[in-house]
Structure formats: structure tokens, C-alpha cells
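Protein chains: 2
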Amino acid sequence: MPNLNNGRPSGAVRALGIDPGLGTLGYGVVLQTGHDLQCEAYGVVKTPTGLSLSARLLCLYNELHSITEEYAPDIIAVEKLFFGRNVTTAEMVWQARGVVLLLAAQTGQEPYEIKPNEVKMAVCGYGGAEKAQVQGMVTHLLGLAKNPSPDDAADALAIAIAGLAVRNYDRNILKGS
Amino acid sequence: MPNLNNGRPSGAVRALGIDPGLGTLGYGVVLQTGHDLQCEAYGVVKTPTGLSLSARLLCLYNELHSITEEYAPDIIAVEKLFFGRNVTTAEMVWQARGVVLLLAAQTGQEPYEIKPNEVKMAVCGYGGAEKAQVQGMVTHLLGLAKNPSPDDAADALAIAIAGLAVRNYDRNILKGS
Chain A
-15 MPNLNNGRPS GAVRALGIDP GLGTLGYGVV LQTGHDLQCE AYGVVKTPTG
35 LSLSARLLCL YNELHSITEE YAPDIIAVEK LFFGRNVTTA EMVWQARGVV
85 LLLAAQTGQE PYEIKPNEVK MAVCGYGGAE KAQVQGMVTH LLGLAKNPSP
135 DDAADALAIA IAGLAVRNYD RNILKGS
Chain B
-15 MPNLNNGRPS GAVRALGIDP GLGTLGYGVV LQTGHDLQCE AYGVVKTPTG
35 LSLSARLLCL YNELHSITEE YAPDIIAVEK LFFGRNVTTA EMVWQARGVV
85 LLLAAQTGQE PYEIKPNEVK MAVCGYGGAE KAQVQGMVTH LLGLAKNPSP
135 DDAADALAIA IAGLAVRNYD RNILKGS
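Protein chains in written order, with our numbering: chain A, -15 to 161; chain B, -15 to 161.
What the hints contain is simulated information worked out from the structure, not anything from laboratory work.
Mixed in with the good hints there might be a few duds.
Since the list gives no way to pick one copy over another, a pair counts as held whenever it fits inside one copy or between any two copies.
To be verified - Capping the alpha-carbon separation at 30 Å, the derived lysine-lysine pairs in DSS-like fashion look like this:
hint, residue 1, residue 2
1, K64, K99
2, K159, K30
3, K115, K30
4, K159, K130
Since this is a predicted model, take the numbers as computed values, not measurements.
Just chain A, with the same shape it has in the complex (with noise of 0.2 Å):
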């Protein structure tokens, strides 16, 4: 596969960002060019449900190390969920983000970690917007013909666009400004 980093334009930032989850992770690379944002690529990776736990992690590290591969992006942005007392959901989600998260340290990054609502600031100006009104401003920003789709992809988008916002912000915090 072409590994588009030399490709990129000078100055330009690209973000992978990711929704975990055992059976759907959704990912979403954007690509930031001063103000601009592009959308280079979404989709999502599914597990069989057939197959052990084990061996779905193992899907979806080999999936994403493919991903980090191709795009190389420069941050990686994953979600930071928060599941109050539903466990079971939880323990399933939580094992496949030890794997993303070890993925992205492997690649030498320190992954961004987002709360769902730095997304809807990042995104939407507030953080108690709603689902539809994030997706239709991913829409938006990324000059894209309709809204991505699924879901998992399209809230994949949305956390690589809070992932360039935070490392805009810690930048600027850095110089001052």
C-alpha cells in the first residue's frame, strides 16, 4: 500500500481518529491544512462474534497496524468512554482500547485521549450538543457530500477533528498565544 505521509502537504497535520469497540471500531484519518480540514478516509473494522476475545483483539490490532501503516498519521485521537454501571458493555470496550492504545504506543505516539464531550466542543462549540448535530457539523467541516456513514465512523471523524483541536490548543498554550 503507498504510504501517504509523503504525500502530504508541507505544514499539514494528520489525525487518526478512533471510536473503540470489541465488534465495530469505527476510524477516520482528516487531514489539517492550516484551517482547512479534509477527509482522507473512514470506515470501520468488525470482529466475527464467533471468534474467541482473544483472537478479535488480535483482528483489530492487525487491522489498525494496516491503518497506521498506510496513513501514518502524526496524532492518534481515541475516545475515552464512559460506561457508568454498565459493566459487561464496558469490559468488552475496555479491552479493545488497551489494544488501540498500545497499538498507538508501538507506532511511538502518545495517543490523545478524548472525552465525548472535548469532542462536541471540538466539533460543535459545545459539549452538550447532540449525536445528529455532531454528524451533520463532521459533514460540514470536512466539505463532505452527505453524512459519513455508520455511525462508529462518522463519531470516528468527529474524535480525530477534537484530536487536531486539542493539539492545536496545546500548541498555542505553549507559544503563548
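Following the hints, put chain B in place on chain A, whose structure we already have.
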């Protein structure tokens, strides 16, 4: 490091037991030859609290990778934990456990996921055994001079013994005995 796999007696089975955790992960290596159980190694992997979550997961992965390379276990047994409603503790342990299961899959193994009551049943003969009873029986079964320490390492040895018991049970079922 020497590959101890080559030095094991014919018909012997080596189990790596793992008590998952982010700050402290326990491991234990037990060799079964017929009805004899021998402790080959035990210890803990600690990750610095000053590191990020992803960096700590990478530490765990790298240390465990070295352990699996050194001992080349025939089976890997990982405790399946229950946290009730303590979600904050749970999320860190689950993320660490995802990395453990991934590594098992990468070595070509289908890990045994062992519940706490299965560990107690395998080591003490009943699922309601107290922690001190389990540790005492581990010391007895492995012919050790004193209880292994720290607790996470002792727990991992118990998990390894339980993994061997489940394997033997599965094989006897297959043989129809």
C-alpha cells in the same frame, strides 16, 4: 535468555498464569509432569505511575513478551475478574487485560480465561475458599518452603495451576474418561 522449552521432560506441560493489572501484574510459571507440579518462576511486572496509560500498556506488553519468549509456555491462563460497580478500577485492569490476551493470541495460543471460583476450585477443591487457603495450597502443591510473595505472584501461580486443571479436564472429556 535460554529457551527453557527445550529442557522440559517429555510429556511435561508448562503453564504461564497471569493475574492482570496495570500497576502490578502477577505472573507464575508451573511445569506439570504427570501428577507432579513444579514452580519454575514467579514475579510481578510493575509499571511506573508517572507514565501515561499507553506507555504503561507498552511496558506490560514488552515485559510479558520477554517472559513468553523465555519460558515458551504450552498454555496461558488469565484470570477473568469481576469488579461489581467499581468501574474506575475496572477500566485500568480491563485495558491491561486486553493487552495480555492480544499477546497470547500473537503467540498462537488460545488463552484459558479462568474465573476466581475456578481458581479456588482447582487449588483447594471448593469455590468458596479464602485467599489464605489458596496461598497455602499453592505453597503445598508446588513444594515451596514458604508462601510465594507478593500476593499478585502467588495468585498468578494459582491461576497457572487452575489452567493446567482445566486443560486436563478438557482432555479427559475428549477422551471420554
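Tell me, which hint numbers fail for this structure?
-> 2, 4
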